[in-house]
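Participant: Produce the complete structure using the sequences and hints provided.
These protein sequence lines are chains A and B, in that order. Heads up: the first sequence begins at 1 in this note's numbering, then just goes up one per residue. Heads up: the second sequence begins at 243 in this note's numbering, then just goes up one per residue.
Please note that the accuracy of each hint is not assured.
Said to hold, decoys possible - DEER-style ranges, computed between Cβ atoms: (1) 200(A) <-> 300(B): 34 to 42 Å; (2) 399(B) <-> 174(A): 36 to 44 Å; (3) 2(A) <-> 364(B): 35 to 43 Å; (4) 118(A) <-> 300(B): 36 to 44 Å; (5) 404(B) <-> 241(A): 39 to 47 Å; (6) 451(B) <-> 157(A): 53 to 61 Å; (7) 62(A) <-> 449(B): 35 to 43 Å; (8) 2(A) <-> 449(B): 27 to 35 Å; (9) 129(A) <-> 404(B): 41 to 49 Å; (10) 265(B) <-> 23(A): 50 to 58 Å; (11) 300(B) <-> 201(A): 40 to 48 Å; (12) 363(B) <-> 29(A): 29 to 37 Å; (13) 153(A) <-> 442(B): 52 to 60 Å; (14) 201(A) <-> 271(B): 28 to 36 Å.
Read the hints as simulated data drawn from the structure, not as lab findings. Don't be surprised by glycine CBs; every beta carbon is placed ideally from N, CA and C.
Number of protein chains: 2
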Amino acid sequence: MQRLIVNPKQLKADQIWLTVDQQHYLYRVLRLGVGDRFLALDGQGHQWVAALTATVGVATVTGADEQPAVTRLTGTTPTVTLAVALPKGSGFDDIVRQATELGVTVLQPLITERTLQRPSANKLERWRRIAAEATEQSERRLMPAVKAPVGWSQYLQQANSGQRWLCVARRTAPHLLTLAQQNSTQEMLIATGPEGGWADAEINAAVEAGFQLASLGSHILRAVTAPLAALAIVMAVADQDR
Amino acid sequence: MQRLIVNPKQLKADQIWLTVDQQHYLYRVLRLGVGDRFLALDGQGHQWVAALTATVGVATVTGADEQPAVTRLTGTTPTVTLAVALPKGSGFDDIVRQATELGVTVLQPLITERTLQRPSANKLERWRRIAAEATEQSERRLMPAVKAPVGWSQYLQQANSGQRWLCVARRTAPHLLTLAQQNSTQEMLIATGPEGGWADAEINAAVEAGFQLASLGSHILRAVTAPLAALAIVMAVADQDR
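Facilitator: Structure follows, in C-alpha cells:
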C-alpha cells in the first residue's frame, strides 16, 4: 500500500484533509481514485489506513494500524543523531535521503570553521520534504527531525548528554565500530566534519565537552560519505543487538 | 601533495609522459608549474614523487615512495568485491565514487531480471574515470577494478569461490555484520539487488551456487544505498581486525 506522511493537524475526527501537494501526489502521480486506499503516517509512530472519498481533498480513515508494532518504537529503541558539517553543493540532500533510509532519528546540519556553504532559508524546507519522501519510500514509521543549521560552538552547548562521538581522519582514535559495540546507552550522537576537516580548536572544544574521538578506518572519506558510513556502522550494531 | 593516477606505460626510465587530460589537470586546474611536485600512483600499489619539467607534458621522477607502506598491501589484506545491480539513472556513478573511498577492490555492475538500465558502452569508461579520481582524492594507493556489466546467471558461474553474501530485504537472514564478524577468509563478495528487488529465482540460484543470505537491518534501503551500507559494515570489521 502507498504511504503518505501527514501532519497530525490534518486529521479531524476520522477524516484526513489533504494538502494540495498530497492531492497532486495521490490523484495525479499515483492515479488513485475514490475508494482507493493508502497508508497515512504522522511520522511519529502512528499510522492509519485511509481511503479517498468522493469529496476532493478528503480521505476517510477506514482502519487502525494495519502493521505490526515496530521494534523501533519500544523502550529500548536507540536514537541516533547525526550532526553533519554541511558539504558543498547539494550534498546534504543525498545525506538526508540516505540517512533517513538508514534509520537516523535527528539530522543536525552544522556550520563549522571550514564549512563553505551558507544555506539559504528554503533549504531547510527542502531537506524536510526529502526526509518525508524517504520515510514513505523506506517504509519507516518515524520521520527524522531535520534541524535548522547551527554553528559548532553553539551546538556543543546544546549537545551535552548521551554518548557522543566525533569522527576524525588522520588521527589515532578507536574505530567507531569498536566504540559502538562497547556502548550501552540508547542515545547516540555522531558528528562528522567538512571537506577541509575539523579545525584543531573545534576538536579540542568537542573533547572538552565530552565527545569521544572515533575513526572510520584507514581511508579518507568525503564529507558526504563519512556520515553514511558512520550511520551504517552504528545502526548495524543496534540492529544486531535487538 | 596532489595525487595523480598514471598508467605504468606512461613511465619511461625516470620520466612520466603526461596525457592531455593530465596536463590540463596539473597545469590548468592545479596551476602547477616547472619544478612543482606531485605524487604519481599506478593504482596497483606503487607511487613516485614527480616534478614538472620545462618540457610540456613531461615530469621527472624525483623520489621513490615517500609514504609508509600501506597495510592494505600486505598478505592479510582483505579483498572485497561489490556486485551491484545497476540502479536507474546515474546512481552507479555515486556508488563507484563512494565505494572507492570506502576501499572496495572490485566493482561488478550486474544486469538482473528487474534491472531497468541497459548501460551504454561509454558508461564503463566513465565509471573507470570516476574510480581513478576517487582513488586520488581518498589517498588510496590501489584503484578498484570496474568490470563490464554482466547478467546475474552468467556472473554466478564466475563468482564461485570465497565468502559470498547476497543482501536481501524482507526475508529472514542473519545480519551482514554478524556474518562479517564470523568470516575468516580474506576474499569477500557482497551482492546487492535492483530497485524492484531480486527475483525469487535469482535468490535461489545464488543460494545453490554457494551464496549466503544476509540482512542489512530492518529498514528498506534503496539500490544506491544498500551497497554502500554493506561495504561500510564489512570494511569496518576488516579495519577493526587489523
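Participant: Against the range 28 to 36 Å, how does the distance between the Cβ atoms of residue 201(A) and residue 271(B) compare: consistent or not?
Facilitator: Since the Cβ atoms of residue 201(A) and residue 271(B) sit about 31 Å apart, the hinted range of 28 to 36 Å holds.
Participant: Could you check the hint for me, namely that residue 2(A) and residue 364(B) are 35 to 43 Å apart, CB to CB?
Facilitator: holds (37 Å)
Participant: Is 29 to 37 Å right for how far apart the beta carbons of residue 363(B) and residue 29(A) are?
Facilitator: Between residue 363(B) and residue 29(A), where Cβ atoms are some 34 Å apart, the hint holds.
Participant: Can the suggested window of 35 to 43 Å be confirmed for the beta-carbon pair residue 62(A) and residue 449(B)?
Facilitator: Given a distance of about 40 Å, which is inside 35 to 43 Å, the answer is holds.
Participant: So does residue 404(B) sit 39 to 47 Å from residue 241(A), Cβ to Cβ?
Facilitator: violated (28 Å)
Participant: Could you tell me whether the CB distance from residue 118(A) to residue 300(B) stays inside 36 to 44 Å?
Facilitator: holds (43 Å)
Participant: Can you tell me whether the CB distance of residue 265(B) to residue 23(A) sits inside 50 to 58 Å?
Facilitator: 56 Å Cβ-Cβ, so the 50 to 58 Å window holds.
Participant: Please check whether residue 129(A) and residue 404(B) have a Cβ separation lying inside 41 to 49 Å.
Facilitator: holds (43 Å)
Participant: Please test the hint of 52 to 60 Å on the beta carbon pair from residue 153(A) and residue 442(B).
Facilitator: The hint (52 to 60 Å, Cβ to Cβ) holds, given that residue 153(A) and residue 442(B) are roughly 54 Å apart.
Participant: Within 34 to 42 Å or not, the Cβ separation of residue 200(A) and residue 300(B)?
Facilitator: holds (39 Å)
Participant: Holds or violated: 40 to 48 Å for the Cβ distance of residue 300(B) and residue 201(A)?
Facilitator: This hint holds: roughly 43 Å between Cβ atoms.
Participant: Okay, residue 451(B) versus residue 157(A) on CB: inside 53 to 61 Å?
Facilitator: Distance hint for residue 451(B), residue 157(A) holds at roughly 55 Å.
Hint compliance for this structure: hint 5 alone is broken.
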